[in-house]
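Enquirer: Protein chains in written order, with our numbering: chain X, 1 to 473; chain S, 1 to 486.
Just to be clear, a hint being listed does not mean it is correct.
[To be verified] Below, in silico cross-link-like pairs of lysine to any residue (SDA-like), each with a Cα-Cα straight-line distance of 25 Å or less:
| hint | chain 1 | residue 1 | chain 2 | residue 2 |
| --- | --- | --- | --- | --- |
| 1 | X | 196 | X | 261 |
| 2 | S | 376 | X | 297 |
| 3 | X | 84 | S | 364 |
| 4 | X | 84 | S | 338 |
| 5 | X | 130 | S | 334 |
It should be emphasised that the hints constitute simulated quantities derived from the structure, not laboratory data.
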Amino acid sequence: MSAEAGRWEPVIGLEIHVQLNTDSKMFCRCENRFGEEPNTRTCPVCLGHPGALPTINAGAVDKAIEIGLALDCDVASRCQFHRKNYFYPDSPKAYQISQYDEPICAHGHLDVDGARIGITRAHLEEDAAKLVHAGGAGGRIAGAESSVVDFNRCGTPLVEIVTEPDLRSPEQAVAFLGLLKNTLQTIGVSDCDMEKGSLRCDANVSVRRRGDSALGTKTELKNMNSFKFLGEGMAAEIERQIGLLESGEAVLQETLHYDPAQRRLHARRSKEEADDYRYFPEPDLVPLEPSRDDVERLRGGLPELPGARIARFRDELGIPAHDAVDLNATPAIAGYFEAVVAAGADPKAAADWVRNQPGAVDRVPAASLAGLIGLIAAGTITATIAKQVYGLLEADPASDPAALVEQHGLATVGDSSELDALVAQVIDSNPALVEQFRGGKDGVINALVGQVMKETRGRADARQVQELLRSRL
Amino acid sequence: MTDTSGLTAERCIELLDAREVSCRELVTAYLDRIDREDPGLHAFLRTRREAALAEADGFDRDGRTGLQGVPIALKDILCTKGEETTAGSRILAGHVPIYDGGCVSRVKAAGLVSLGKTNMDEFAMGSSTENSAFGVTRNPWDTDRVPGGSSGGSSAAVAAGFAPLALGTDTGGSIRQPAALCGVVGMKPTYGAVSRYGLIAFASSLDQIGPFALTVRDCALLLQVICGKDECDATSVELPEPIAVPDAQDLRGVRIGVPSALLEQGIEPGVRDAFDAGIRSAQGLGAEVVEVALPHAGYALPAYYLIAPAEASANLSRFDGVRYGLRCEEDGDTIIDMYGRTRAEGFGAEVKRRIMLGTYALSAGYYDAYYGMAQKVRTRIRDDFQTAFGACDLIAMPTSPTVAFRIGERVGDPWAMYASDVLTVPVNLAGLPGISLPCGLSEGLPVGFQLVGPAFAENRILSAAHALEGALGFDPRPPAAAEARA
C-alpha cells in the first residue's frame with residue numbers, strides 16, 4: 001500500500017441478487033429453469049400480456065424468509081410488494097414487482113472473520129428477461145445489429161440482499177460474499193453460480209480519510225460476474241478514487257461497469273439525472289403476512305450455518321481459524337471434511353488433506369481418505385508415500401488405501417533389519433561424507449539421510465533414518 | 001321469431017326450456033337485430049355469428065339446461081382467447097389474446113353464448129364511450145345522445161334488445177352510469193367478488209367486472225356465474241354467501257340511508273324528482289328512510305383522479321410496441337424513440353392525459369402530496385361508508401347527476417365529463433357493491449337509482465332492488481322499439 005493509499009479508508013457496501021431455485025417462477029406457474037430453449041417457459045403473466053395478473057409463489061416466500069433467518073434478520077409480520085416503473089425491453093410490464101419500504105426481511109448481520117457486517121434488508125422481487133445482442137462485438141449491446149429477448153428468465157424469483165457500508169477492503173468484501181454464498185448454498189435456496197447469473201453482486205464504493213466518520217461520494221460498480229472480477233473491480237475503483245481525491249478532484253456519483261479484459265471501469269450513465277422509479281404499492285397483490293408459526297417452522301428447519309460451523313471447527317476440532325474458513329468454502333467441502341473426521345481421521349490432518357487436495361471431495365470417498373490419514377498416523381506409510389497412495393486412490397477411488405500400500409509395497413521401512421542394512425550400506429559407500437561429518441560438518445548428515453531415503457524410495461521416516469545414522473556414526 | 005326488445009334472460013330460459021325456440025333461433029334473432037339496428041348505434045365492435053351459432057347448435061343437438069344457450073355481450077376489455085380484444089384502443093387493434101380471462105371462462109363454462117364484443121371508452125377511461133378509438137356508441141333512447149361510459153356498448157346493447165345480458169367493468173361508475181343513461185340494470189359487485197384475471201387493467205385497485213340486464217333477477221343470474229375466488233387473481237375472494245335470485249316484494253324492515261348533503265348540488269331537477277319518486281316508492285314498500293352523512297365523499301373525485309391515473313400510468317406502460325399490438329411505422333433511432341412514437345400513435349387524448357396525470361402524481365417529490373394524500377382520502381371515504389352503514393342497511397343516491405347528455409357536449413371539458421361520476425366514484429374508492437336500476441324518465445330519458453351496500457351485501461342489494469323494481473314498473477324498452485312493438 002502506498003503512503004497515499006494509507007491515508008484513505010475504503011468503505012464498501014454490497015447489493016447481492018440471488019435467484020431462488022424454486023420449481024416455478026415468482027408470480028406465475030411457469031417452470032423456473034435455466035438453459036432451456038428461449039421463450040419456452042412463458043405464459044401471459046410473465047410475458048406481461050394485457051389482463052394478466054401476478055400471484056405470489058409461496059415457496060419463494062419461504063426461501064426469502066429462510067435467507068432472512070440465516071442472516072439474523074427480523075422477518076416482517078406484514079410486508080408489501082411495490083411496482084418499480086421503468087421502460088426497457090427486458091421488463092414486459094414496464095415495471096418490476098419488487099419491495100420498497102416494506103421488505104420481507106431487515107436488520108440482520110453476517111459475521112465474517114470476526115467483523116460484523118450489517119444486513120440492511122433482504123427483499124423479494126422478480127428477475128427481468130434476458131436480452132441477447134446479435135451481430136455486435138462479443139454479445140454487447142453497443143454495435144449490435146439487433147437485440148432479441150428471452151423471457152424464460154423473466155419472473156424468476158430473486159432475493160436482493162443489501163449490506164450496510166460496513167466492509168473496509170475488497171478482500172473483506174470478497175470474503176463476505178464467499179461466506180454469504182456458502183450460507184445460501186447451505187440452506188439450499190440457490191445454486192449461487194455467478195457465471196450463470198444466479199448470484200450477482202454490485203458494489204457501492206467510496207473512500208474517506210482515515211478517522212472521518214462521514215461517508216465519501218460513492219460510485220456503484222456493476223458487471224463483476226466472478227469473485228476475481230469483484231475484487232479487481234473494487235481495488236481498481238478505490239485506487240481511482242484515491243487518485244482523484246489526492247489530486248484535489250471530486251468523485252462523481254455514477255454507475256461504473258468493470259471491464260475485466262482492460263481491467264478498467266467505464267461510466268454507464270450519470271446519476272445526476274436520478275432515475276425516478278415512481279414506486280407505489282402493487283394493487284394486484286394483497287400484503288404478505290407471514291405467520292409467526294411459519295417463521296418458526298422455517299427457523300427450525302435450517303441446517304447448521306457456515307458461520308456456526310466455522311466456529312465449531314475452530315473451537316471443537318482445534319482447526320486454525322483461517323483453515324476453518326477455507327474448509328467452509330462450499331457446503332460440499334465442509335461436509336466432506338466432517339465425513340473424513342467422522343470416519344476416524346485426526347481433524348487437523350484431515351483439514352490439511354482436504355484443503356490441499358481440492359479434488360478429493362469429488363473423487364475420493366471420505367472413508368478412503370480417512371483410511372489413508374490413519375495409515376500415516378500409524379506410521380505404516382510416510383507423508384511422502386501418502387501422496388503417492390493418494391494419487392493411486394484418485395485414479396481408482398473404489399480401492400482400499402491399505403490394500404494399495406500392500407499391493408505396491410509402499411509400507412514404511414520401519415525399525416527393521418532392512419533399514420539397518422541400508423544405513424550401513426550408505427555409510428560404507430560414502431566415506432568422504434562420513435569423514436566430513438565426523439570432522440564436525442553436521443549439515444552433511446542431511447545428504448546421508450537423502451541417500452538412505454533414495455534407497456527406500458521414500459518409504460522411511462527421515463527423522464528415524466537420521467537418528468539411526470547418528471547412532472552409527 | 002321473437003322480438004328481442006325487452007326480452008329478459010329469464011324469459012329466454014323459459015322459451016328454451018319449453019322448446020318454443022331453439023338456441024339457434026334465439027341467437028339468430030339477436031344477431032339479426034344487431035345486423036339490422038346496430039349500424040345506427042354502434043354498440044358492438046365485433047360480432048361472432050358463426051361461432052355463436054355453432055355453440056347454439058351444440059346445445060340444440062346435445063340438450064341444455066340453466067343459462068346454456070342464452071346470449072350475452074362482452075365488453076371489449078375482457079380477454080377472449082383467439083378473438084380480438086382491443087379495450088377500445090388503437091394500440092391494441094388486432095390484438096388476439098392467447099387466453100380467456102377468469103370471468104370469460106366462467107361465462108363460457110355456464111354455456112352463455114357470446115354474440116360479440118361491445119364498444120367502450122378507450123381503456124375504460126371515459127363516461128360517454130366517445131373516447132373509443134373505433135367511433136362513438138349512440139344511446140338507444142336518443143341517438144343524438146351518449147349511452148354513458150365507459151361500458152356504453154354493453155348498456156346500449158341490452159337497452160336496444162341486442163342481448164339480454166352483458167358484462168361491463170366499473171372503475172369509477174362505468175357500469176352503473178351507462179346503465180342509468182340507457183335505462184337498464186347494472187351492478188358493480190364488491191371489489192374482489194369477481195376475478196379481474198383477463199380484464200385489461202385500467203386502475204387495478206378499483207376495476208371490477210359486473211352484469212348488465214333488463215331486470216335485477218337477470219343480474220343475479222349472471223352474478224351467480226361470475227362471482228367467486230379465482231386462483232389467478234390474488235385480490236379475488238369467495239363470497240361469504242352465494243348469490244340468490246331475489247323474490248322480495250317489499251322493503252319492510254329495510255333502512256335506506258340518503259346522504260342529502262351530498263345531493264344538494266349539481267343534480268338535475270328532473271333526476272332529483274325521479275330519484276325522490278323512487279325513495280317514495282321505497283317508503284311505500286315499507287322501507288324506513290334515514291339521513292346519513294358521507295362527509296368526505298365530496299373529495300372522492302379529486303382522490304379518484306389521482307389514484308386511478310397513477311395505477312393506469314403503470315398498467316398502460318406495457319403497451320410499448322415490442323410484443324403485441326400497434327408498433328409505429330418508423331422505429332426512430334433508439335428504443336425509447338420507438339416507444340414514444342408507438343404510444344403517441346396508439347393512445348387517444350384522454351388516455352394520454354391520464355397517463356401524464358398519474359405519472360406526475362407518482363413522481364419523486366410529489367408522491368406524498370398527491371398519491372399519498374389521495375390514499376388517505378380514500379381511507380376516510382371508506383370509513384364514512386362504514387359509519388353510515390351503522391345507521392342504515394343500504395344507501396340510496398341517484399346514479400348520475402344528469403340524464404344522457406348530447407354527443408360532443410362534454411368532449412372539450414374533461415372536468416364536466418369527470419363530474420358524471422361524482423356519485424359513483426365514492427363507491428369504487430370504498431370497494432363496495434352498488435346497483436343502478438331505472439327509476440323513471442326525465443325529459444323522456446331514463447334516470448338511474450343507485451343502491452349501495454356494505455361489502456359483500458350483494459344479496460341485500462339485489463333483494464331491495466328487485467322489490468323496488470316491481471313497484472316502479474319501468475318499461476326498459478326505448479321509445480323507438482316500444483313504438484315498433486305497439
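Enquirer: Compare the structure with each hint and give your call.
Expert: Here is how each hint holds up against the structure:
no.: 1; hint: X:196 <-> X:261; in the structure: holds (19 Å)
no.: 2; hint: S:376 <-> X:297; in the structure: violated (37 Å)
no.: 3; hint: X:84 <-> S:364; in the structure: holds (12 Å)
no.: 4; hint: X:84 <-> S:338; in the structure: holds (21 Å)
no.: 5; hint: X:130 <-> S:334; in the structure: holds (19 Å)
The structure does not agree with numbered hint 2 stated previously, though it agrees with all others.
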